[in-house]
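**Q** Here's the letter readout for the chains.
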Amino acid sequence: MSHVADRPAPISRVLVANRGEIAVRIIRACRDLGLQSVLACSEPDRNSLAAEMADRTICIGGGPPSQSYLKVASVVSAAMSTGCQAVHPGYGFLAESPLLADACHDNGLKFVGPRTDSIKLLGDKIAARTTAKQAGVPVLPGSSVSVDDQTTAAQLAADLGYPVLVKAGAGGGGRGLRLVTEPDQLERQLAIASTTALAAFDDGAVYLEKYVPRARHIEIQVAGDGAGDARAFGERDCSIQRSYQKLVEESPSPTLPNSVRADMTRAALDLVKFVRYEGVGTVEFLYDAADQAFYFIEMNTRLQVEHPVTELVTGHDLVALQFQIAQHGTLGSVPDQPPRGHALELRINAEDPQRAFAPNAGTLTEWRPPTGPWVRVDTHCVQGYQVPPFYDSLLAKLVVAGSTRAQVLDRARRALDEFRVEGIATTIGFHRWLLDTPDFIRGDVHTSWLEENWPGMRVQ
Amino acid sequence: MRGDVSITADELQEILRIFADSHLRELHLEVGETRLHVSKNSADAHVAAMPIVTAPANAPAAAAALADVQAVPAQQPPASLDESAGSAASELPRPSHEGMACVVAPTVGVFYRRPAPDKPPYVEIGDVVAAGDPVCTLEVMKMFTEVGAGAAGRVVQILAQDGEAVEYGQVLLVLEPLGSP
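Residue numbers (the numbering used here), protein chains in the order written: chain A, 1 to 460; chain B, 1001 to 1181.
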């Protein structure tokens, strides 16, 4: 509690430093909590739904993110000059930027997220691996330092056994991630991974990890108070992916045995307590169903896109919890009770599934999302909305809840059938196909399943 | 009378120029169904520094004037967030200022008319500046950046208030270009 004294002023006004559906989500939480919201937006987002909903909007730059959403000085200046006490970074953009967290702190603003040291430690994937090991969390066999020279890399890869994964130390979102199946590909893939990482993250460090085929992606939602207390909020199974991008998330996982769930939850909490993590976060694991073994992948030090899935099975408002922790440094009255029922999120992206999910921009000439019982749609889209070309392709998150998985799948099919979109190709048709696929219905999928089974992957 | 007496955009610009160069503090003008109110009194909210034009939407001349000149709703913007120095920047109209040279904010920040609190303002209304002359400064996280005039001209409007939070792309000053020799 020693850090209570240096906490900044009580939070009554929040700068929302993001766009799209997550800006809308955060503004709604502000309204629920009686907080004023100021949206820092780019020029093309001036007329967005979030801009309409915020108490005030301040334009911080041009359309390309490098001119607006990624400019630390502009974000902090916007917060200070509009009288905000806190900055909520959402996800993506500057959400995991130690520079923004530091700049907020230096200027008396509360960064709604973890301390800078946690962001740095867990944002560096190599350091995070080491930290997880120290906390007693299982990690995949691999290198604990950056591999710079060919000979060391070749020796390590041979020890691990092919296939191996080359990963970027500063990585995220699958960038700088390369699968190497044969020794003679290693040199080339190392170079590609390093170059990609350098371009994307300004850091070319790469490391090797053992590749687990047909693994599932399962993550634990956590929150910590910064002083060593922590809670877990169940898991999310995010195994339906393409190019390491999640498309479907559900909770609970359809296949995780209870004993493994308990072990995985304990491991996640061990890590959170070990780094005295402050805020909400997600500990990601690979789950090898054949061996019932799980391995730490990384920890995301922010709100996750798929957080609504957890909200619907736990009843907790995770954005409100972020503000609770930011304001009071405690978890508040979060009851430690297991999640109930089932929830499924389908990402509706401006991507053409028939053309290997190629992104497309344009105008939503028709936009009629489903409503009705057990359906939640988080979106920033309205009829006539012009999807700008600068940003990611997420249009909406269709989230469906129920008491059983079978019931949720029925309701999700109904909701998808009601979803009307014209003007832009979306992932709706893909999801409708998926929900009728025997493998998915049985829960028998893994992170490469989509790419191996969706016919549209082979059409370029 | 309806529609018989009207005012053109050019005439409106001319009136504003004369007003800007005059010693008058305020001007209220009604021509037909077009009402114009301009003020140099900085004690008023930022809207007072700009002309207020109200006119029926179907009056062609008035519509042209609205498109051409600073036009704001006659009522004040919602005041819920206005107790700080910055007023609701997003409520500002974005006129075309046709024929004028506008100095726009190159970044979000805090607008200052003077290089330091104890120094005189860079410019006053009516001043003539050369291209590149500093006309104001913007503070971004304690970093002060002078903003220069893009072209030579006479300052006819200073739209941002000292200490106000300004947005990226916001018009700060309006210059009437001077014909190059």
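Simulated from the structure, these hints should not be mistaken for laboratory data. Wrong hints could be hidden among the right ones.
Said to hold, decoys possible - Facing chain A, a subset of chain B residues (Cβ under 7 Å, in silico):
#, residue
1, Met1100
2, Ala1101
3, Cys1102
4, Val1104
5, Pro1106
6, Val1128
7, Met1141
8, Glu1167
All C-beta atoms in this analysis are idealised placements derived from N, C-alpha and C, irrespective of residue type, glycine included.
**Q** Hint by hint, say whether it matches the structure.
**A** Hints and how they fare:
no., hint, result
1, Met1100, "violated, 21 Å"
2, Ala1101, "violated, 21 Å"
3, Cys1102, "violated, 16 Å"
4, Val1104, "violated, 11 Å"
5, Pro1106, "violated, 9 Å"
6, Val1128, "violated, 30 Å"
7, Met1141, "holds, 5 Å"
8, Glu1167, "holds, 4 Å"
Of the numbered hints stated above, those contradicted by the structure are hints 1, 2, 3, 4, 5, 6, listed in ascending order.
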